[in-house]
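Please build the complex by placing chain B on the supplied structure of chain A, with the hints as guidance.
If you read the protein sequences in the order shown, they are chains A and B.
Per this note's numbering, the first sequence starts with residue 1, numbered consecutively.
Per this note's numbering, the second sequence starts with residue 1, numbered consecutively.
What the hints contain is simulated information worked out from the structure, not anything from laboratory work.
Do not rely on the hints blindly, as some may be mistaken.
Unchecked claim - Quick partial rundown of chain A residues pointing at chain B, CB under 7 Å, derived from the structure:
(1) H154
(2) T168
(3) W202
(4) L443
(5) A470
(6) L473
Yeah, the Cβ is synthetic: ideal placement off N, Cα and C, and Gly gets one too.
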Amino acid sequence: MELEKFSYDNKIVKQFAIATIIWGLAGMTVGLYIALELIFPALNFIPIASFGRIRPVHTNAVAFAFVGNGIFMGVYYSLQRLCKARMYNDTLSKVHFWLWQLIIIAGALSLPLGLTTGKEYAELEWPIDVAIAITWLIFGWNMFGTILKRRERHLYVAIWFYIATFVTVTVLHVVNSVEIPVSLFKSYPVYAGVQDALVQWWYGHNAVAFFLTTPYLGLMYYFIPKAAERPVYSYRLSIIHFWALIFLYIWAGPHHLLYTALPDWAQSLGVVFSIMLIAPSWGGMINGLLTLRGAWDKVRESVVLKFMVVAITAYGMATFEGPMLSLKKVNAIAHFTDWIVAHVHIGALGWNGFLTFGILYWLIPRIYQTDLYSKKLANWHFWLGSLGILFYAIPLYWAGFTQYFMWQQFTPEGFLKYPNFLETVTQLRSMYIMRSIGGAMYLFGFIIMIYNMIKTIKQGNLLENEDAQAPALSKIEGSHEGEHWHRWIERKPIQLMVFSLVVVLIGGAIEMIPTFMIKSNIPTIASVKPYTPLELQGRDIYIREGCSTCHSQMIRPLRFDTERYGEYSKAGEFVYDHPFLWGSKRTGPDLAREGGKYPDSWHYNHMLDPSTMSPGSIMPAYQFMLDDNLDTSSTAPKIRAMITLGVPYPQGYDKIANKALMVQADLITAGLKKDGIETTSDKEIIAVIAYLQRLGKDIKANNQVFTTKK
Amino acid sequence: MSVLFVLIGASVITALGFLIAFIWSVKNGQFDDDYTPSVRMLFDDEVVKKKK
Numbered sequence: 001m002e003l004e005k006f007s008y009d010n011k012i013v014k015q016f017a018i019a020t021i022i023w024g025l026a027g028m029t030v031g032l033y034i035a036l037e038l039i040f041p042a043l044n045f046i047p048i049a050s051f052g053r054i055r056p057v058h059t060n061a062v063a064f065a066f067v068g069n070g071i072f073m074g075v076y077y078s079l080q081r082l083c084k085a086r087m088y089n090d091t092l093s094k095v096h097f098w099l100w101q102l103i104i105i106a107g108a109l110s111l112p113l114g115l116t117t118g119k120e121y122a123e124l125e126w127p128i129d130v131a132i133a134i135t136w137l138i139f140g141w142n143m144f145g146t147i148l149k150r151r152e153r154h155l156y157v158a159i160w161f162y163i164a165t166f167v168t169v170t171v172l173h174v175v176n177s178v179e180i181p182v183s184l185f186k187s188y189p190v191y192a193g194v195q196d197a198l199v200q201w202w203y204g205h206n207a208v209a210f211f212l213t214t215p216y217l218g219l220m221y222y223f224i225p226k227a228a229e230r231p232v233y234s235y236r237l238s239i240i241h242f243w244a245l246i247f248l249y250i251w252a253g254p255h256h257l258l259y260t261a262l263p264d265w266a267q268s269l270g271v272v273f274s275i276m277l278i279a280p281s282w283g284g285m286i287n288g289l290l291t292l293r294g295a296w297d298k299v300r301e302s303v304v305l306k307f308m309v310v311a312i313t314a315y316g317m318a319t320f321e322g323p324m325l326s327l328k329k330v331n332a333i334a335h336f337t338d339w340i341v342a343h344v345h346i347g348a349l350g351w352n353g354f355l356t357f358g359i360l361y362w363l364i365p366r367i368y369q370t371d372l373y374s375k376k377l378a379n380w381h382f383w384l385g386s387l388g389i390l391f392y393a394i395p396l397y398w399a400g401f402t403q404y405f406m407w408q409q410f411t412p413e414g415f416l417k418y419p420n421f422l423e424t425v426t427q428l429r430s431m432y433i434m435r436s437i438g439g440a441m442y443l444f445g446f447i448i449m450i451y452n453m454i455k456t457i458k459q460g461n462l463l464e465n466e467d468a469q470a471p472a473l474s475k476i477e478g479s480h481e482g483e484h485w486h487r488w489i490e491r492k493p494i495q496l497m498v499f500s501l502v503v504v505l506i507g508g509a510i511e512m513i514p515t516f517m518i519k520s521n522i523p524t525i526a527s528v529k530p531y532t533p534l535e536l537q538g539r540d541i542y543i544r545e546g547c548s549t550c551h552s553q554m555i556r557p558l559r560f561d562t563e564r565y566g567e568y569s570k571a572g573e574f575v576y577d578h579p580f581l582w583g584s585k586r587t588g589p590d591l592a593r594e595g596g597k598y599p600d601s602w603h604y605n606h607m608l609d610p611s612t613m614s615p616g617s618i619m620p621a622y623q624f625m626l627d628d629n630l631d632t633s634s635t636a637p638k639i640r641a642m643i644t645l646g647v648p649y650p651q652g653y654d655k656i657a658n659k660a661l662m663v664q665a666d667l668i669t670a671g672l673k674k675d676g677i678e679t680t681s682d683k684e685i686i687a688v689i690a691y692l693q694r695l696g697k698d699i700k701a702n703n704q705v706f707t708t709k710k
Numbered sequence: 001m002s003v004l005f006v007l008i009g010a011s012v013i014t015a016l017g018f019l020i021a022f023i024w025s026v027k028n029g030q031f032d033d034d035y036t037p038s039v040r041m042l043f044d045d046e047v048v049k050k051k052k
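One chain only, chain A, in its complex shape (with noise of 0.2 Å):
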């Protein structure tokens, strides 16, 4: 047979694995920076710098930016040799490259400014949604136009896992997507409330499921035999574990609902797919352990077969993990602390962020033609990095649980030992201390890594093309006679049905949704009425300033959840919710039944300065918004916007909305006066006050009975 002569593209490898390198430093030190401001509060000096808002950036920056880029440089690189086939298309490549940088400035911008659809993981407003979609189609579409040129019949496991991330991701996306833009940037979610939280971490778990394990597995399945030189354990479990594991993992989202008021039956059905999912994935474990089988010794002489093994053990230990999280016991405990904080960065420093490096030491010398610039520092980055980990996970692990045992304290008498919020936050100072030590230790090590990657390739060489050759895939002649038409059918189907797959979804996503959404927004609680537009508007800003990253608006049907904060939280509650604001944290006492604890003057001086009204507070200051107008001329649009949603404001309601809105806020400037307190009623604090004066009014008034308790 004769060889076809080629060549690889390194050029586009390289590309990747620098913006690699760059966002990953850019997401870890906003990391360390919000870190630093749960001990310093004074750090949220300016309204961009707030941890609200910059939380997302960090989460955004370092598992799309860094392990999303982390993802093509290894998908690059490894598919093209797997396929013996350069990418189907340079100018593919370098479009997906370019807008997937821009989709990521765009974010970094963004978000400090408060443009946020306040959806966890999925933060980033609607043009950038759109931006994300056509970008993830370029990537699919040189992907699978590389698989369809390839030299090498056999698709070895590690394409089938990027096949998976590709076709789930687009299904996520798209899906928990579907919003209406109200402004160039700002939108609501069509779904309301459970429904909302239900598609919110349907799509949650799957972002984590098939971004940063999925396509992880397929560079684990590829770069671990060539670290090792050696193949995989067993190249049967790795194909068993790439069925079972789709095939499990789609249906495990609602394991992040636990106790809510998500119906039980679809928590426990989460519950059943978290739990078989510990075989597959240590399936998967135990393949790329084994793989070192009778090698260990080259663990000991190479730096980057350390940091994979080190990956791997994060990926088992965050998989079992995961499974005991999602029994409801186990979850009572860890949901809302800092034990998921701890366990989601086992699994991205150890697992993605190990890998990733195992992957840059071993690529960079060899697409530039050198050897490593030192092993010395490469050890001492595995070691800041590996000890980081420790001190990093560890004191969290510990203010979980600190958290978990004060929450539930009740003394002898029945009351809440700890009934003050705030002491169960001061109490994790030290830990939270700790914490940024371990996360600036592995910082430090990556510094280091970036030094001796810039050393490394000063003194090496980059191979833009390599050339290969390898025979030509040989045709499986059919029974058809015309050539032309058998080429035609065995080429571009797969091509077109990926494709129609995907353009159906989108299309019928788009038409579907909307209308199961709207139908069922009818409350089931009488009482429950849409927000004012002044309420509104101040919910916007707590959207905006991301409230929900540290206030959850859930109360579990638990003990301890309701003697603290009232009575448990309804489904029928949140039928107006666009989006849904549940969160998953609290650094801050839940504010479901906020509304009527506080005095609005209350609210404005702790606004003005928290820990003036709780001594010890962390929460940042918002003066701003004491300060800043309310921009009313959105809440014609907004009211709009909701009538669509089927949110049931009378017809026309929106040329009068802006009228309501300043006859609500009088009222509360009015009364803010007789406490002494002088300002005008254009102001943001007004809106925000008369959000947060609404949480949880709705069913109160009419159980008190339940309420009343202490």
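Positioned in the frame of chain A, the structure of chain B alone reads:
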């Protein structure tokens, strides 16, 4: 909870896609050989080396 129809629909369609892919891959003979692919991937086809 009508959103469950959307989610189950989307999940089932995705799962069906994977099922079709699985059936295709088995019929296509992708998994007939479940050993050598793991070894063959270790060899790159640089021009300098002659094909094995």
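| Failing hints, ascending? | 4 and 6
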